[in-house]
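Chain A is already provided as a structure; the job is to place chain B on it using the hints.
Protein chains: 2
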Amino acid sequence: MTWGTIATWRMAAKGVDKASQLLENNGTAGDAVEELIKEVEAYPFYKSVGYGGLPNEEGVVQMDAAFMDGDTLAQGSVAAIENTLHAVSVARALSHEHYNSFRVGEGATKYASLHGFEMTNMLTDRAKARWKKRLKEIEQEHLNPYNGHDTVGAVTLAQSGSMAAATSTSGLFMKKQGRIGDSPLSGSGFYVDSEIGGATATGLGEDIMKGCLSYEIVRRMGEGETPQEACDHAVYPFIQKLQKRYGKAGEFSLIAMNKNGEWGVATNVEFTFCVATDRQPQQILMANPGPDGTTVIVPVSQEWLDAYEKRIHESE
Amino acid sequence: MTWGTIATWRMAAKGVDKASQLLENNGTAGDAVEELIKEVEAYPFYKSVGYGGLPNEEGVVQMDAAFMDGDTLAQGSVAAIENTLHAVSVARALSHEHYNSFRVGEGATKYASLHGFEMTNMLTDRAKARWKKRLKEIEQEHLNPYNGHDTVGAVTLAQSGSMAAATSTSGLFMKKQGRIGDSPLSGSGFYVDSEIGGATATGLGEDIMKGCLSYEIVRRMGEGETPQEACDHAVYPFIQKLQKRYGKAGEFSLIAMNKNGEWGVATNVEFTFCVATDRQPQQILMANPGPDGTTVIVPVSQEWLDAYEKRIHESE
Chain A
1 MTWGTIATWR
11 MAAKGVDKAS
21 QLLENNGTAG
31 DAVEELIKEV
41 EAYPFYKSVG
51 YGGLPNEEGV
61 VQMDAAFMDG
71 DTLAQGSVAA
81 IENTLHAVSV
91 ARALSHEHYN
101 SFRVGEGATK
111 YASLHGFEMT
121 NMLTDRAKAR
131 WKKRLKEIEQ
141 EHLNPYNGHD
151 TVGAVTLAQS
161 GSMAAATSTS
171 GLFMKKQGRI
181 GDSPLSGSGF
191 YVDSEIGGAT
201 ATGLGEDIMK
211 GCLSYEIVRR
221 MGEGETPQEA
231 CDHAVYPFIQ
241 KLQKRYGKAG
251 EFSLIAMNKN
261 GEWGVATNVE
271 FTFCVATDRQ
281 PQQILMANPG
291 PDGTTVIVPV
301 SQEWLDAYEK
311 RIHESE
Chain B
1 MTWGTIATWR
11 MAAKGVDKAS
21 QLLENNGTAG
31 DAVEELIKEV
41 EAYPFYKSVG
51 YGGLPNEEGV
61 VQMDAAFMDG
71 DTLAQGSVAA
81 IENTLHAVSV
91 ARALSHEHYN
101 SFRVGEGATK
111 YASLHGFEMT
121 NMLTDRAKAR
131 WKKRLKEIEQ
141 EHLNPYNGHD
151 TVGAVTLAQS
161 GSMAAATSTS
171 GLFMKKQGRI
181 GDSPLSGSGF
191 YVDSEIGGAT
201 ATGLGEDIMK
211 GCLSYEIVRR
221 MGEGETPQEA
231 CDHAVYPFIQ
241 KLQKRYGKAG
251 EFSLIAMNKN
261 GEWGVATNVE
271 FTFCVATDRQ
281 PQQILMANPG
291 PDGTTVIVPV
301 SQEWLDAYEK
311 RIHESE
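Protein sequences appear in the order of chains A and B.
Residue 1 is where the first sequence starts when you use the UniProt record's numbering, and the numbers rise one by one after that.
Residue 1 is where the second sequence starts when you use the UniProt record's numbering, and the numbers rise one by one after that.
FYI, nobody ran anything at the bench for these hints, they're computed from the structure.
A quick note: this is a predicted structure, and the numbers were derived from the prediction, not measured.
A couple of the hints might just be wrong.
As the list makes no split between identical chains, a pair holds if one copy fits it or if it spans any two.
Calculated cross-link-like contacts (lysine-lysine; reagent style DSSO-like; alpha-carbon spacing at most 30 Å) [unchecked claim]:
1) 259 - 244
2) 110 - 248
3) 18 - 248
4) 136 - 110
5) 248 - 259
6) 241 - 18
7) 132 - 244
8) 136 - 18
9) 136 - 241
One chain only, chain A, in its complex shape:
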């Protein structure tokens, strides 16, 4: 039977392995996407998601996450949540509530605590050292403080035909207190409909939400476009529009999978992602913008993977 999953960035590889095993053994789309994201949230060397994620300007790790059930369109989101190991699990729990399914700040943290989710200090020594170093650099060199906004986002397709999507991020490094991005926002950071397919986004949330790109990709797939066509047609014209109208466009990378397990990607920067289906064992691939509104996708090289391993374990 058909199953599949696609997720943003190289960091999702172990999560995609885990999700693939679940889906192969007839697990649900919801369980698979939650386990996928949790794997990334728990790994201390990914500095843009969960434990080990980089803090805001005040040294506090504030996280955004979302979960969507493609069968019912039920959604749960948290934003600017603190001290919570698995923000995605809190979002999933909220998706079961008809009212109050999107919670932010202290209210989100309180919900997580009251409902028994694992609470921990999310600021690792390593992230704290980077924050202190960055504060000094900004002061001395007047650097733009914002970089490192790599959300993990994923779409899963179960053998039953059910689909789910989820995201999790610690957001922009050095963001202002309470800043939230596109990751917890329906249609911008994520969207999924089991009768069509799903999409998630990573990049500069402030610009992604100007275009509701995840919704637009799913809508296009619903009109018969392949996931790759839908990604290309939604993303590249919007980047041009934003450059013309707003004067600039941040980094955008979108992934999509349809109900048949076919997938697509569009990006305006070098972007790695992971994909696995019943017909294709997991691959880590790299996408780059190609000519005339297209996307060039190649397997990542062993050299790239080696350099990546070295880079993420560097102390600074």
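Just chain B now, with coordinates in the frame of chain A:
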């Protein structure tokens, strides 16, 4: 020259007057929509927006608001902001920032305070009395706590051709701490593109965001549908879809105006709204769902207006 504005609910009437004067005198779309919303925020007898708005479960008035510039697609949003008289003005200020343009909770309140926005205790004696009464009712009668979620949302078209949209709400009465709805979310609560038109939503945010309805209405107008067609085609099939897939659908009312000052509305409940253009002095109208996915719109009667005035001034 063409100008126009449309806004949700009877409560927007004075704001629409103010916006109309500005637009008639060649004011900007942004100024007009901000002044329109501010008028509603400041009025203590509207219990779902701004000053006098009903509090959350803990007795705290937490507000959501957004502003979007249809020329540049720039957006600013605040959610779960406290003690701030004009949340919409904070959202507009944030729309000028490329980073950190959506802020929630304590970070949003801090931004407002630091930037000199008027801070005040938003919990009026009247709202506090209603909250206490409701707490008792819920305890004694096991009532569903949630009602009174009437967002003010508006779209403006300036003589220059520029458009803007904005929203403001105190959200669900008795909402949980940190709960946010669709009003601050791009594509769900609002969307505007000066080359096409704009839309805003009011109703149960948790369900509106499942459909990205404001974006979908604007997209449909961009494909040549009239505002009324776009509203009808976006809203009614989605309500049916949600009933089928999610098992139920909350209250939804959407308004739209295109770049020519033509407008439309769709709703699944009795819904009042205000509209004014260079060709049509302000009218307060009432919309109801009609047969076969259509909307029936009639002027509100004097009787209805008299009953409304009496109702909003009732002490309880």
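Each hint tested on the structure:
1. Proximity of residue 259 and residue 244 under a CA criterion of 30 Å is satisfied inter-copy only: 19 Å between copies versus 34 Å inside one chain copy.
2. Taking the closest pair of Cα atoms, residue 110 and residue 248 come within 30 Å of each other only across two copies (28 Å); inside a single copy the shortest separation is 38 Å, beyond that limit.
3. When the C-alpha separation of residue 18 and residue 248 is checked against a cutoff of 30 Å, the pair qualifies neither within a copy, at 38 Å, nor between copies, at 34 Å.
4. Taking the shortest alpha-carbon separations for residue 136 and residue 110, only the inter-copy value of 24 Å comes in at or below 30 Å, while the best intra-copy value is 33 Å.
5. Taking the shortest alpha-carbon separations for residue 248 and residue 259, only the inter-copy value of 24 Å comes in at or below 30 Å, while the best intra-copy value is 34 Å.
6. Proximity of residue 241 and residue 18 under a CA criterion of 30 Å is satisfied in neither setting, with 39 Å inside one chain copy and 32 Å between copies.
7. Proximity of residue 132 and residue 244 under a CA criterion of 30 Å is satisfied in neither setting, with 37 Å inside one chain copy and 52 Å between copies.
8. Neither within a single protomer nor between protomers do residue 136 and residue 18 lie at most 30 Å apart by alpha-carbon distance, with minima of 40 Å and 49 Å respectively.
9. Within a single copy, residue 136 and residue 241 get their C-alpha atoms no closer than 37 Å, and across copies no closer than 53 Å, so neither meets the 30 Å cut-off.
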